[in-house]
Structure formats: structure tokens, C-alpha cells
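Each chain is listed here by its residues.
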Amino acid sequence: MSDGTTTLGAMTTPVDPNPPGSPGTQGAQELPPHDPSAALSVRGLWKRFGQKIAVSGVSLDVPAGSFYGLVGPNGAGKTTMLSMATGLLRPDFGTAWVQGVDLWARPDEAKATLGVLPDGVRLFDRLTGRQLLTYAGMLRGMDKDTVVDRTNDLLQTFDLVADADTFVVDYSAGMTKKIALGSAMIHAPRTLVLDEPFEAVDPVSAANIRDILKSYVAGGGTVIVSSHVMDLVQRMCDHVAVIAAGQVLAAGTVDEVRGEQSLEDRFVDLVGGRQHSEGLSWLRGS
Amino acid sequence: MVARFLTLKLTLMGNTFRRSVWQTIGMIVATLYALGTVGLLVVATIFAGVAGNPDWVAVAITLGGVLTVVGWWLIPIFAFGVDATLDPHRFSTFAIPRRTLLAGLAVAGLVSVPGIATVLLALGVSLAWVLEPGVLLVSLVGAVLGIATCVLGSRAITTLLAPVLESRRYREVVTIAALMLAMMIGPLVGWLTNGVEVSVQGDPADGGGAGTGEQLLPLFEQVASFVGWTPFGAAWSLGGAAHAGDWAGLAGRLAVALATIGLAWLVWDRALARSLVRPPVGDGSGGKAKGLGPFGRVPFSPTWAVAARTATYWLRDPRYSGSIAIIPLLPVIMYFAGQSTGSFFMLLATGPFVGWILGFSISNDIGYDNTAFALHVSSGVDGRADRWGRAIPMLAMGPLVSAATVLVSVWIADSWHLTLPLLGLALGLLLVSTGVSCAASARLVYPVAKPGESPLKSPQGAAMATFVSQGLGFVITLGLSLPVLAVGITAIVLGSVVWGAVTVVVGVLYGVVILVLAVRFGARVYDRRLPELLQQVQSFP
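Residue numbers (the numbering used here), protein chains in the order written: chain X, 1 to 286; chain W, 1001 to 1541.
Worth flagging that the hints you see were computed from the coordinates, not collected in a lab.
Given the structure is predicted, the values throughout are model-derived calculations rather than measurements.
Glycine included, every Cβ here is placed at the ideal spot set by N, Cα and C.
Incorrect hints may have been included.
Unchecked claim - Covered stretches of chain X, as calculated for chain W (at least 3 residues, CB under 8 Å):
#1 81 to 91
#2 120 to 127
#3 140 to 146
#4 160 to 173
As the list claims (entries may be wrong) - 27 Å max Cα-Cα, derived DSSO-like pairs, lysine-lysine:
#5 Lys144/X / Lys1290/W
#6 Lys1288/W / Lys1450/W
#7 Lys1290/W / Lys1450/W
#8 Lys1450/W / Lys144/X
Unchecked claim - The following label-pair restraints were derived from C-beta to C-beta distances:
#9 Val1002/W / Arg284/X: 55 to 63 Å
#10 Thr1093/W / Asp231/X: 25 to 33 Å
#11 Leu1032/W / Arg284/X: 52 to 60 Å
#12 Ser215/X / Leu1181/W: 55 to 63 Å
#13 Pro73/X / Gln1535/W: 18 to 26 Å
#14 Asp231/X / Pro1328/W: 55 to 63 Å
#15 Asp231/X / Leu1266/W: 48 to 56 Å
Excised from the complex, chain X in its bound form (with noise of 0.2 Å):
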């Protein structure tokens, strides 16, 4: 879709993590200037919760066209950094730059392009699984026909079909997770952030959604996708980052990232925290 030399550049996808010592926004002067083919393009984000800082420095490129993972420990900050990134959070410094579109100077356009699921929000779930998407599609101003097409669709494919009539609330984990999949890709937006999408969601809908995304990828979309499951983005993604205490410590294509380990060793090697001592001796049987 985008031409060779401009996905050269951002193959390379530039990490500049800011130097821990420095928390102020003098370094943003210094950062790259944003790449505008990128499909998701942030440069220097910050956010700060009371003592925390959630997010510091972050700037990051998601080529067009790539299956983008974000992997990290728990509390890392990747759904605070999607977060400013997608236009539900507003960065303290920093800003987000989704198809070249300034998101949080022009917010609606950027939104148009984007597809989000959030992960740790509720859903309107006294609406049936059908009239959740049909209400998704509707916010997005589409017209009627569309709608009922789409999400005829999307309850096929998400084996959704029997409980479309069924209240939201009534809904498992797996089946919520799923249907707020089918509210954010209603519109067909030309990028998916998409925060856990595969906690609790079956080995079956997960293989099936994995497909989705695949195809959706190969048409020219872009899917970003965080997760704390090595292997499955090891498998599924071209390109990844590792974030670990709001930074980005690595970030490339897959293979550029791992070298000749496994995602994972490399993970743990990034990120530290493994324990090499015996490890509760009592617990061994006796």
C-alpha cells in the first residue's frame, strides 16, 4: 500500500526512549519529527496519575499495513499509552498522529480511521448483542443499510448468530469480549487498537479472530494489538515493542527485536525480573 522508501524509514521504526534523568518536555524538541504515512505515529507522550507516572516519554511507529504488537508486564502503561493514542486520554505532554491526522487537534477526523477496544470498560449491556452493534455502527453516522448488513456479518462470523437477541449483561466474558471486537471494527476503520483482545476468548473464536485480523491486515489495514502472551504475538505480529515502567526498551519488526532468541527469552532478558534462586524449596513435594 505505501511506498518502498517511506516504509523504509519507518521499518526502522526510530526508539527513543527518553533518558530516565530527564522528566521534563525539554527532550520533546529533540524527538524526530512525526512520520505521516505511519498509521499510528506518537511522539514523546507523558501521563502522570497523582505520584505515578503511568506513561513517560513514549515515542513510537506503527507502519501502515502491519500486525503491531505491545508487549509488557502488568502495569507497564500500554493501555494508558493506547489510551492517548486512540483519544480516550488526554496526554500531560506529547501528542498522537494517526494517518498524519494531529488526534488530539483534530480529533474527529482521526477517530473516523480508527477502531478501538478498550480493555476494563464496561459495555452498554442492557442493549442485545444486535442493537449493540447496530448502536456502534449509528454513532459512527453510517446508514441503515450498512449497519444491518455489517452487523449481520460480524454476528456470523464471531458465532454470535444465536444470542443476538440476548442481553449483553447476560453475555460470558468470551461472548463480551467478542461483540465489543464487532463494535469497534463496524465502520471498517483503517486501523484496530485493540487492548487484551484475546483474554478469555476461546482457543476456537480466538483462531477465528486471529483469521479476521490476518485478512484484514492483508487488505492493507493495520492492527495494533497488546498483549502479555509472548507467543501469540510472536506467531501473529510482524512488528513489536516492548514496554516495561512507561518506556519503550525495544521496537522493530519481530525478528529485529528477538535476534536469535525467542520473543520471550528476550522479554525477560529486556525487561529483568526473572529469579534465578531455588524458589520456595518447601513447596517441592514431600
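Model the placement of chain W on the given structure of chain X, informed by the hints.
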């Protein structure tokens, strides 16, 4: 082990203090209020026992005790989810003998503001028998048995009903029933006391007077001697029986009280044993609704999407439908409330009041959405669509409901000449308060019961924010309604048809202008604060 449970409960209580300042203040206010009430009741009872009539004391302790037991047994059924800190399910993976678990939970159940208040009150009022040491001793034993009846009975009932209480359908029905019951308490009490006065005095026309208390005593004594033999009052009436020297009665009541406690313990034990091996699960049968519902009947646009969703929630979410169910009751309540004073003023004010309260009911819509509001944020729904969408169902339904209320009230009061001014007032107030709500809900978001929780449960620590937001909304609505109120009151005072018609015209036109301006203002605030609004609902406890 029992001590361990006590420590756990105390730690949990202590930790709530650390969460927020407002919560701490709320807790302190609640404690002071409870202590004040307990102190007042204890002093009054002791005074009556020492200086007044001991027979009164026996009756008062028995009847008060019965009310306490009924409260302990019934309130948890309606206000579910109020205290789940020591949910037995959380202990099911620990190997705790059931007997120990039961004893621990029972004692820990007393460590709460209502629990401590009950203990202090029960033991305190027994001191009224301080002049008769033997009776005092019996009464103290009775108080301890009474407290046990409260706690064990309450636990037995909630644990036994847990499978039912956990089903969503039941909770929604009970929620609405409880709301309606709570609204009816005032009129019911008024009606009952009226009835009692009539039956005691035999002459409703006579205004009662100083003699009422003396005349009621025999009735209360009759009731007390009856309930003293029931599980509710047996323990509390022990002191009275000892005072009267009714030893056979004392033995009998003691037997009833002990049997009640034993039965409650047994029921609780059995129910807990069953619930520990059967973890809570949904009732499986999910609710269904065919097709698109309101979504299929509106034009396809973001504004109408929000309108259809709001309308669906009005019918399906008990937090909304509960408040709708109350509205038909309002004229009834106002009728009874006005009856004691003999004027129809309260009844006639119902129409405008309903208009105002309806508009006010959407003043915290985003708070009710909770984090589901994220869909609006990520879809980039603009302020105009969101604000108008939430107002449309109200504008479709509100005028009909307030007009119907006005008609019913003038029909009951037989004051047809007030129809036009009241109609104008009701419509004007509805439009103004809807407008204020649309503006306020983009700015003042405060925590409310989460989706699926009982609407009777207000989140801890939110009292101050709720008070400020609602107070501010009330003052602004009142200020903006002054022109309508002025014209309407003039029309009522003058009683002319022309002024009545003017009220309707002014009410509607002025209301529409305020509504349009307020929605425009609300939309601008919404557009500016969209991510902040989401962050606010995400930070709710």
C-alpha cells in the same frame, strides 16, 4: 479464630478511612448521628423507667426491639450488595470449620455502625430497670438474646435467599418494589396513625390533643403483649415479664427466643454449607429482546442512536425504570400528605413538581453510563448529538406525563379552573430543568450506583459530590424558572383564563429558548471535556 475475623473486619473498616477524606467524614457523621440517636433513646427510656411509668418501658423496649429485628431481617433483602466485605464465598477456599466460620461471621457482623448502635441501644435501654436488679439482669440477658436474633436471623435470611438474590431478574423486580415501598412509607404511617387515632377516640372530627398518648397506651400494650410471644419480640419482652412477675410467661417467652435463635443458627448453618459447595453462578437463562427495538424505528444518525439507546435504558435499567415507576404514585402520596392539613395545595403542586423532577432525572446521565461512555469517546460522538440524543426521549415522554399528572390532580381536587396555569408551569419547568440537566451533565459528573447495582445503594464517599451537584442544579433551575413561576403564580392568583393561556404560551416558548441555549452550552462543554469526562467516570470507586 473468631478474634481473627474481628481483626479482619476492623482492618477493612480502617482501610476505608484511608481511601478518601470524604468517606472518612461521611463515616464520622454517620457514627455521630447513630450515637446521638442511641443516646437520646437510652436517656429517654431510663428516665421513663426511673421517674415515670415502668409499664411504659416494657412496652417501648418490646416494640422498639421488634422494629429493630424486622429492620435487621428485611433491609438486607432490599439493599443487596450493601455489605459484602465478609462474603462467605471468599472463605470457601480456606479450610475453616463451618462452626468457626459461622461464629466468626456472626461476631464480625456486629462490627459496623448499625451493629454497634444496636448493641449499645439494646444494653442501654435495659438500664431503665436499674431500680429492680433482678429485672435488670433478666433484661440484659434478653438484650443479648435480642441482638443474637437480629444478627443470626439476618444472616440466615440472606444466605438462604442468596441464590435468588443473586439473579439479575429478581434484583430488578425487588429494586423497583423497594423504591415504591420507600416512597409509600410516609403516607402509610400517616394513614395508620390516623386510623389508630380514629379507633382510639371513636371520633374523627375531634382534633385529638393532650390525651392522645394516654389513650394509646392500652393499644400499644395489647400489641406488645402479642408480639412478645412472636420470634420478633420474645427476647425483648423478657424484662417486662419479669417486672410484672409473670414467671410462666417469662419461661414461655424465653423458650420462644431460644428456639428462634436455634432455628436461625440451624438455617444459616445449612444454607451456608450449601452455598459453600455451590459457588455463585448466573441463572443461565439470559433475557431476550427481539430485533432492533427502538433502534429500528428512528432515523439512522448519531443523535437518534443516542435517543434510542436512552429510551431503551429508561425501560430496561432499573436505575431509570425505578424512578419512572414512582411517578404514578406521586399524586397519591401528595393526596395523603395534603389530607392532614386539609388543603389541596400539595396535590395541585404535583404536576409542576413532576415536570421539574423528570427533567432533573437526566442530570447525571454520563455518571449512569459509567465507563460504557468510552464508546461515545472512541466514536467521536459530537456534543450536539450526545446532548440532544439524551434529551429527545424526555421531550417525547415528559410533556405527556406531566400533563397527565396535572389533569389527574385538578380532577381529584376538582379545581378545573387551575388547569391552564398548572399546565404552563409543568411544561415550563420540564423544559427548563431538562435544559439545565443537559448542560450540567457535561460538567458535574458524580458517582452513582453502577449498572446492575441497587439504586438504593449510593456509593460511599459520594455524598458530598452528589449534594453539591444536585444543589447547584436545583438553584440554577429555580433561578432560570423564575419568569415562568412569576407568570404562573399571577395567573393562579388572578384566576383569569387569559392569564392561564399566557402561562402556557410563556412556559413553552421560554422553556424551549432556555433548552436550546442550555443544550448548546452543554454541547460545547462536552466537546471540550470529552476525555476528561471519561477519566472522571473511570475514577469512580
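Checked hints:
1. 81 to 91: Result for this restraint: holds, n = 5.
2. 120 to 127: holds (count 8)
3. 140 to 146: With 5 residues close enough to chain W, the hint holds.
4. 160 to 173: Held - the stretch 160 to 173 of chain X has 7 residues with a Cβ nearer than 8 Å to chain W, which meets the minimum of three.
5. Lys144/X / Lys1290/W: Distance of about 18 Å is within 27 Å: holds.
6. Lys1288/W / Lys1450/W: Roughly 22 Å between the alpha carbons, so the hint for Lys1288/W and Lys1450/W holds.
7. Lys1290/W / Lys1450/W: holds (26 Å)
8. Lys1450/W / Lys144/X: Measuring from Cα to Cα gives roughly 32 Å; hence the hint is violated.
9. Val1002/W / Arg284/X: 55 to 63 Å: violated (35 Å)
10. Thr1093/W / Asp231/X: 25 to 33 Å: For Asp231/X against Thr1093/W, whose Cβ atoms are near 30 Å apart, the range 25 to 33 Å holds.
11. Leu1032/W / Arg284/X: 52 to 60 Å: The hinted range 52 to 60 Å holds for Leu1032/W and Arg284/X, with Cβ atoms some 56 Å apart.
12. Ser215/X / Leu1181/W: 55 to 63 Å: Holds, at about 56 Å.
13. Pro73/X / Gln1535/W: 18 to 26 Å: The hinted range 18 to 26 Å holds for Pro73/X and Gln1535/W, with Cβ atoms some 24 Å apart.
14. Asp231/X / Pro1328/W: 55 to 63 Å: holds (59 Å)
15. Asp231/X / Leu1266/W: 48 to 56 Å: holds (53 Å)
The structure shown violates the earlier hints numbered 8, 9.
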